[in-house]
Amino acid sequence: MKLKNTLYSLTAVIALAAVSCRDYVEVDTYTTRTLQYTRDYEYVINYKSNFETTCVFPLLTSDDVAAHAGDVKNIWYNSEFYNAFIWAKSYYGDNQQDLGWDNLYKHIYISNQVLDGVMESKGGTSEHKNLIAAEAKIHRAFAYLSLANQYAPIYDPAKAGEQQGLPLLLKVDLFQDLSRVTLQKVYETILDDVLTALPSLPDLPTHNYHPSKLAAYALLSRTYLVLRDFNKAAEYTDLGLDLSQELNDLQVYNGNISTFPRTLDDPEIILSKKAATNLKAPINEELIDLYSEDDLRFQMYLGIDQYLQGYAFLRPNFTGQGIDAGLRVPELILNRAELYAREGNAGKTVEMLNKIRIKRFETDKYVPLKETDIDKDLLQAVIDERRREFVGTDLRWFDQRRLNLDPGYTKTVTRSYQEQTYTLEPNSPRYVYPIVETVLELNPEIGQNPR
Amino acid sequence: MRTQFNVDKNFGGSDARHNLAFVAGAEFRQNDYRNVSDKYYGFDEDTYEVATVNPNVSYQTIDGWGMTIGSGTANSRNLHRALSYYSNAAFSILNGKYVLSGSLRFDDFTMVGASREQRAQPLWSLGGKWNIKKERFMEDLNWINTLALRLTYGVNGTVPMGVGHKAVINLSRDNDTNEKTAYIDSPANSTVTWEKVKSFNVGLDYSTWDNRLSFAIDYYTKKTSDILYNLPFNPTYGWSRLLFNSATMKSHGVDLGVNVNWFRGNFKWNTLFNFGYNDNEVTDSRFEKSDYIAELLGGSRPIVGLPVDYLYAYRWAGLDNKGQSQIYTKDGEILSSGQQMNELDVDDLRYMGRSTPPYFGGLMNSFSYKNFTLGIRLSYSLGHVMRRLSIQNYPTFDGEYSGRIGAQRELALRWQKPGDEAHTNVPGITNDPNQFNSTSRYSNSDLLVISGSHVRLQQINFGYNFPVSLLQRTPFKSLNITGSIRNMGILWRKNKDGVDPNYRVTNKYTNLAPSPAFFISVNTSL
Numbered sequence: 000m001k002l003k004n005t006l007y008s009l010t011a012v013i014a015l016a017a018v019s020c021r022d023y024v025e026v027d028t029y030t031t032r033t034l035q036y037t038r039d040y041e042y043v044i045n046y047k048s049n050f051e052t053t054c055v056f057p058l059l060t061s062d063d064v065a066a067h068a069g070d071v072k073n074i075w076y077n078s079e080f081y082n083a084f085i086w087a088k089s090y091y092g093d094n095q096q097d098l099g100w101d102n103l104y105k106h107i108y109i110s111n112q113v114l115d116g117v118m119e120s121k122g123g124t125s126e127h128k129n130l131i132a133a134e135a136k137i138h139r140a141f142a143y144l145s146l147a148n149q150y151a152p153i154y155d156p157a158k159a160g161e162q163q164g165l166p167l168l169l170k171v172d173l174f175q176d177l178s179r180v181t182l183q184k185v186y187e188t189i190l191d192d193v194l195t196a197l198p199s200l201p202d203l204p205t206h207n208y209h210p211s212k213l214a215a216y217a218l219l220s221r222t223y224l225v226l227r228d229f230n231k232a233a234e235y236t237d238l239g240l241d242l243s244q245e246l247n248d249l250q251v252y253n254g255n256i257s258t259f260p261r262t263l264d265d266p267e268i269i270l271s272k273k274a275a276t277n278l279k280a281p282i283n284e285e286l287i288d289l290y291s292e293d294d295l296r297f298q299m300y301l302g303i304d305q306y307l308q309g310y311a312f313l314r315p316n317f318t319g320q321g322i323d324a325g326l327r328v329p330e331l332i333l334n335r336a337e338l339y340a341r342e343g344n345a346g347k348t349v350e351m352l353n354k355i356r357i358k359r360f361e362t363d364k365y366v367p368l369k370e371t372d373i374d375k376d377l378l379q380a381v382i383d384e385r386r387r388e389f390v391g392t393d394l395r396w397f398d399q400r401r402l403n404l405d406p407g408y409t410k411t412v413t414r415s416y417q418e419q420t421y422t423l424e425p426n427s428p429r430y431v432y433p434i435v436e437t438v439l440e441l442n443p444e445i446g447q448n449p450r
Numbered sequence: 000m001r002t003q004f005n006v007d008k009n010f011g012g013s014d015a016r017h018n019l020a021f022v023a024g025a026e027f028r029q030n031d032y033r034n035v036s037d038k039y040y041g042f043d044e045d046t047y048e049v050a051t052v053n054p055n056v057s058y059q060t061i062d063g064w065g066m067t068i069g070s071g072t073a074n075s076r077n078l079h080r081a082l083s084y085y086s087n088a089a090f091s092i093l094n095g096k097y098v099l100s101g102s103l104r105f106d107d108f109t110m111v112g113a114s115r116e117q118r119a120q121p122l123w124s125l126g127g128k129w130n131i132k133k134e135r136f137m138e139d140l141n142w143i144n145t146l147a148l149r150l151t152y153g154v155n156g157t158v159p160m161g162v163g164h165k166a167v168i169n170l171s172r173d174n175d176t177n178e179k180t181a182y183i184d185s186p187a188n189s190t191v192t193w194e195k196v197k198s199f200n201v202g203l204d205y206s207t208w209d210n211r212l213s214f215a216i217d218y219y220t221k222k223t224s225d226i227l228y229n230l231p232f233n234p235t236y237g238w239s240r241l242l243f244n245s246a247t248m249k250s251h252g253v254d255l256g257v258n259v260n261w262f263r264g265n266f267k268w269n270t271l272f273n274f275g276y277n278d279n280e281v282t283d284s285r286f287e288k289s290d291y292i293a294e295l296l297g298g299s300r301p302i303v304g305l306p307v308d309y310l311y312a313y314r315w316a317g318l319d320n321k322g323q324s325q326i327y328t329k330d331g332e333i334l335s336s337g338q339q340m341n342e343l344d345v346d347d348l349r350y351m352g353r354s355t356p357p358y359f360g361g362l363m364n365s366f367s368y369k370n371f372t373l374g375i376r377l378s379y380s381l382g383h384v385m386r387r388l389s390i391q392n393y394p395t396f397d398g399e400y401s402g403r404i405g406a407q408r409e410l411a412l413r414w415q416k417p418g419d420e421a422h423t424n425v426p427g428i429t430n431d432p433n434q435f436n437s438t439s440r441y442s443n444s445d446l447l448v449i450s451g452s453h454v455r456l457q458q459i460n461f462g463y464n465f466p467v468s469l470l471q472r473t474p475f476k477s478l479n480i481t482g483s484i485r486n487m488g489i490l491w492r493k494n495k496d497g498v499d500p501n502y503r504v505t506n507k508y509t510n511l512a513p514s515p516a517f518f519i520s521v522n523t524s525l
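Residue numbers (numbering that gives the first Met the number 0), protein chains in the order written: chain A, 0 to 450; chain B, 0 to 525.
In isolation and in its complexed conformation, chain B is listed as follows (with noise of 0.2 Å):
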């Protein structure tokens, strides 16, 4: 349910030349959540019957052991609300020359476990726009059609999620002795709290040339304090892997958008290009440089003075004679699959880049010729590398094991004898004590690193409308068929190795590109 209070009004003397745009509201809402589920045995489809089984009682299987059916009925419930308040406003002086403008809001809602503070902060915003092409000293320059400059400052958060202030429980019951239960979910962690950006952004708006040519710029800053991290913890104290507010980082970057309006008769043709830089640096992190490797190649705790995106390899030394892997240490040592990770420390680890593109942005070229239409949209990330996926799945990867090999084509090209080491750097199968660490640090090496830049064929649309005079004898008043084919793949890709950086193909075939769509939709009115 919500409310809200709305306000709009002109002011300012006879000719109203001030505007003031003000809304409050206060939002409340409630989710309650149920299901209901059974398992049945014996249906019969003439009777509608089933069969009286008791879950507790074993029957003999097929090799002759005993077994037991189990309960199949579940049931839960679920109840949450949440509440909103926000309030928003615009302030406009002398007909939009200058514009003053604000947002609030608090949201809090129901989370189990976690104090006042850490479910629900304030939020706010503050911008302002100086349209300066409507300055009098701007009146008369007839070539600069429009010319704004905008500032914001605002403060935005994340609430930490799945682990509160106090231990939480999930209840349930035992089917087989009816007693309740309850696991522990997450454990007490008076340390949490919010996660807190704060953003600074500078625009300017620009158009030329009888608005055929327009741009706006932006530049921003963003200071990230406490980021939270699933970090990886000391079982020992019951829990692998804990959240907490673990670093402070700062990030800039820029982003440009070009509209070049190139033909505007009865051929037109519009170009829309888009740029981003963005770079980001962890200023303060709550634990000192990791002395973890594990964690290193992992990506996972915020490094003073690296990108939060960092990508670190171990560097590959090739094969020994057994067919495992070995790597190199900073002084050019080698070490074999035999020895372990207390004889590595960080600096054997090699820095390779950032694993998000910090240069992204797209191009849409759209043409239209009488009736025609067509657009072109494509899209790019540069200047990022990733993990190429060699071999998975080899038998000694603990957990899951199912059944086969992953079928990736390095297999064919694995260390299978003596001697092969000196053609090929794909570790040989063995059933060996080191054959995790062989195939751990084969993966993370960076012999499997590649540059992850690539341009992206997005969406090719065309459509054609039809005249009114076409449509005069029909009862149709307008009719138009548009087509268009999405997801059309690579236009072109840095690296060598003919890998999707977007979609790293996985052993479970989870992870594959959308193959491309093609539509056509026929839009009338009568």
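Chain A extracted, bound-state conformation (with noise of 0.2 Å):
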């Protein structure tokens, strides 16, 4: 009886331990799986925080921010801040992170997850999977575009093939060497991203977080003027205005702000993205000057600010949702207007810049440009106008950027901080930020930029 029971227990073990073998444990848990099915590789292109945010130092290196800026009463917290307004050797202190870098090598190492599995994935059509792997090469060609006018050199044609560009990271691998390819190399890779992308990309954005033609073209537009190609600048903007020239008209929203469109809903937004931060800065004098008291620009955007003694950018506030970072139609239509006055159309680059005036004036009071306020000097009044409509945002360090080499056009900006006086001149090194030091103690590959 007793070998009997013992017999039994014994093979009810051996059957339940055969039962339960390893598979048991390996459920599908409901919110966290790998990366399995092309639906996956979906949801991660959906969640726009995965290439939402991305830096910040733009916005204080320009000469947007006023000359007096540094020396307003703890308007900064961090001492790093300080040190981008007076271009210093050295932005950050000894453990700091470089939130700009970090940010945009996530959207760089997130394309290239996606990208690494994609074609593989199942459960999808081809064509999904193209229009994934579309996006990410967008996103990614954008983040190197960013990081290239950071911390890159400026890039000059004649030069750029032996130029210090960036650390190239193509695909996933946590250890792959990080020692920078040549400025020449990165362009490459950025235009060969958006021009493999655009056959499989929807003209217009269903959301206007994801890339689409549109997206690709004001991209490339972007691109190509840094790169001086302007025939070719001129062909994608061209593309890119057949496919929008929706702008919101300021003077519906003039005294009735809190109706204005939040970041989805906004038209003018072609790719959305944001500043890593809200930067609380007085607005430079010089450009305060350059509105007119009827442009809704200057009513609206800017504002009166005791405590920062000079005007604030107020645009953020409207809906709570950030600085804008991203591509949108206005620089489009500016973009064009640029390329018009480069080749010395005056009559078009007054009708771009009329396109533009018009939505940001009240339209009983509006004057239009005519060729004659601006044969003058047709590039100045172009920039004027980006300076104008792009206030507070990153698009004018980058513009500054590529102004050195037009002589002339660039002036030595001069800040003051502490009763000392810092000077920004025309090509400056300093016209390139200093990688952050725990990077290069981690990989000395990568080599500090000269200042």
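Worth flagging that the hints you see were computed from the coordinates, not collected in a lab.
Just so we're clear, the structure is a prediction, and the values are computed from it rather than from any experiment.
Take the hints with a grain of salt, since some may be wrong.
Label pairs and their calculated CB-CB ranges [what the hints assert, rightly or not]:
hint: 1; chain 1: A; residue 1: His-206; chain 2: B; residue 2: Asp-31; range: 26 to 36 Å
hint: 2; chain 1: A; residue 1: Asp-155; chain 2: B; residue 2: Ile-333; range: 40 to 50 Å
hint: 3; chain 1: A; residue 1: His-206; chain 2: B; residue 2: Asp-37; range: 16 to 26 Å
hint: 4; chain 1: B; residue 1: Gly-297; chain 2: A; residue 2: Ser-125; range: 12 to 22 Å
hint: 5; chain 1: B; residue 1: Met-0; chain 2: A; residue 2: Glu-25; range: 12 to 22 Å
hint: 6; chain 1: B; residue 1: Asn-341; chain 2: A; residue 2: Pro-367; range: 54 to 64 Å
hint: 7; chain 1: B; residue 1: Arg-33; chain 2: A; residue 2: Ser-48; range: 24 to 34 Å
hint: 8; chain 1: A; residue 1: Thr-124; chain 2: B; residue 2: Glu-26; range: 36 to 46 Å
hint: 9; chain 1: B; residue 1: Val-345; chain 2: A; residue 2: Asp-70; range: 30 to 40 Å
hint: 10; chain 1: B; residue 1: Tyr-40; chain 2: A; residue 2: Lys-410; range: 45 to 55 Å
hint: 11; chain 1: A; residue 1: Thr-124; chain 2: B; residue 2: Ile-68; range: 34 to 44 Å
hint: 12; chain 1: A; residue 1: Phe-174; chain 2: B; residue 2: Asn-341; range: 42 to 52 Å
hint: 13; chain 1: B; residue 1: Asp-37; chain 2: A; residue 2: Lys-410; range: 20 to 30 Å
Note that the Cβ used here is the ideal one computed from N, Cα and C, for glycine as well.
Make one complex out of these two single chains by using the hints.
What follows is the structure in structure tokens.
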């Protein structure tokens, strides 16, 4: 009897042991999974926070910021902001991380992770996979363009083959070499990414945090301007303008600002990205003087702030969603204006400028610009309009950098801080940001930028 | 659900002097977790109704700007399963003169992204005990009451959590557009495996003097390989910290327990004393000796030849005439706050000691006289060092600034004007690009490293047991009242700054020492 009992229990144990084999625990949990299906990759692309937040320094180093900003008591809490403001030798202290660098390289990692597996993923059509891969490439190209215009030298077509570029990561490998490639190679990669992504993208995005053909054209427009290939830039800008020329009519929102369109509903936004923080800084008086009293941008985007001892940039407060740092329709229009100006076409330049300006003034008060107003210096007229339109965003810094190659258009910028004067001369090496020490300590092959 | 198979058998002839006890089992379990939460606006207590709101439409705030309410619904569900096989056996021979024991177990559980080898490995241990007292040559030695020798060897380990051989994503939904979304929780790191510990222990139990004095002494060595550490990683790769198997270390130690029964009559006094000593050293590290100052200061990377809990600090060189920190290099040169980390190297830092105590233990004295009992328990930790927190939350720490600058008394001693550097070491507050270096070098300097040795009074308890004679006319069969006071704080500390080494008070007041607690209890049976 006893033997039978032990025999029964032994078989029971063995049976249970056989049943509860390893597969039992390999069950799908509900919210976490590995990347297996095409829709998993789609979900990664859908998550706007994966690609949304960029950097902050271009807001500080551009001449949109007033010369006395650093002396406003306790204006910034972070010492790296003061360092960037005076274009110091080094921005960060011993153990700090560089938010802009980290964020943009994170976008690159996520794009690489998507591109790494999406084509072999299960359960999707090849159009769907191509679309997902194309969106990832656009985000990656955007990130590299942004990084190249902060941490790499100003692109000079004559020298780009020898200029030090960036660490170029195109695949997921946690241990790949981080030596920099030439600036030429970085831009070739950016162009390759956008051009190969173009065919698979829809004309217009479903939601503006998804890349589209319109975003690709806008990105090419920006890139070719930096590369100084003005013919190509014109070609792609026109393709973009064919798809959209939507602008917000500011007079509708004047006095009614709580109805201003939120980021998702804003027709001017082509590819939505946000700056890493809302910077508080007084605006340069030279820029304030460029506005006329009737300009609604002056009335709505700017406002006197006693504490800052100057004008503050108020546009981020309209919907509380941060400073736009992505691609927008006004940029397409003004890029075209600049390209016409460079060709010497006064008529078309003035047409483009008026296209924007009519939406920035009350219609009955608006006096359109005439060719004779601007034909003394077409390029300067466009530059001034760009400054008025893009006040408080990162675009001015990128413009300042590339205008260094147009002799006479870049002036020395002067700032004062704690009774010392700091200047940024044309073509100064301090147009290139220093790379943070923590990154260089871990991978010294990256090499610091000469200051 | 668990099934277990037990064997307990005596055998070995007519007097059954041998015994085998054996247990084997399998267990599997499942955890299903669900969570639903929601936010409602405009709740009316009378009608129990709530208002309908559109989460995506802008409303006007008090400043005139636009804002949306956003969604408040949250739903989540999680499924988790685990599986264990285990077995224990003890075989004792000759009435317990020799005992051989062993255990084996294998646990597996749901971990997304991990491969099978990563999730589960078999763990085992083996031990033996020789009860020397039972040997024939010890029979006549009456002054030795117990004498036994123990030996064990085992393999244990830790699963790497939070990183797997495949990238893991977390799914959710965008509240504004209703698109399904996912973010990447952890990258694929195929190099990560279990952290394994092999330990060996030899112990001696001895008692004498009619069991009044007994002690147990153990000596152990451990070899831990593939230690898991969250190492700082280059954010250029997309991750600023990653889990790696980074080092091997060996450690050894001694545990001593002494029990003395001084008196046994009406007045009883028993003392129990514990002493432990532990030392460890990293014998191999995946990364070479760190050139990375931030890591040495943070104590995060295992370094060959040093214990795992090392503490390094800058050599303090006083304040300069702007009230900012200065440190010495190894040659005695002074480096100001304006000079960056690239002008320092690891030899400029000073090794201060270990941050966990090498010597530790407790002392418990119990007294009883007739029906009264009294117990006093102390614990001690000696031989370690720690960083004292001084000023905190000076305005230029990046990240959070909560609108107040800590409440440390050191703030009153800070540098305020040129000349103050002659009599203070607390840096001044200025909104200056060097502020971060000034405060971080001060906080990490050898000036703020103090000894952590201390003795704590852990508990005093006392009680009275009512004798049965007193209870005869009451409904109680037994009645007993006990009280205790716990967490009475530090009895002695080596540092002169009044710091409690176990609880460093931070500016967010999240780490206060527990306050003394008083308990009284009455136990009775009817």
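Results for each hint:
1. A:His-206 x B:Asp-31: 26 to 36 Å: Holds, at about 34 Å.
2. A:Asp-155 x B:Ile-333: 40 to 50 Å: holds, 42 Å
3. A:His-206 x B:Asp-37: 16 to 26 Å: About 25 Å separates the Cβ atoms of His-206 (chain A) and Asp-37 (chain B), which means 16 to 26 Å holds.
4. B:Gly-297 x A:Ser-125: 12 to 22 Å: Distance hint for Gly-297 (chain B), Ser-125 (chain A) is violated at roughly 48 Å.
5. B:Met-0 x A:Glu-25: 12 to 22 Å: holds, 18 Å
6. B:Asn-341 x A:Pro-367: 54 to 64 Å: holds, 56 Å
7. B:Arg-33 x A:Ser-48: 24 to 34 Å: Holds, at about 25 Å.
8. A:Thr-124 x B:Glu-26: 36 to 46 Å: Cβ of Thr-124 (chain A) to Cβ of Glu-26 (chain B): about 45 Å, so the range 36 to 46 Å holds.
9. B:Val-345 x A:Asp-70: 30 to 40 Å: For Val-345 (chain B) and Asp-70 (chain A) the Cβ distance comes to about 38 Å; the hint holds.
10. B:Tyr-40 x A:Lys-410: 45 to 55 Å: At 54 Å between Cβs, range holds.
11. A:Thr-124 x B:Ile-68: 34 to 44 Å: holds, 38 Å
12. A:Phe-174 x B:Asn-341: 42 to 52 Å: Since the Cβ atoms of Phe-174 (chain A) and Asn-341 (chain B) sit about 24 Å apart, the hinted range of 42 to 52 Å is violated.
13. B:Asp-37 x A:Lys-410: 20 to 30 Å: violated, 58 Å
In this structure, the earlier hints numbered 4, 12, 13 are contradicted, and the remaining ones agree with it.
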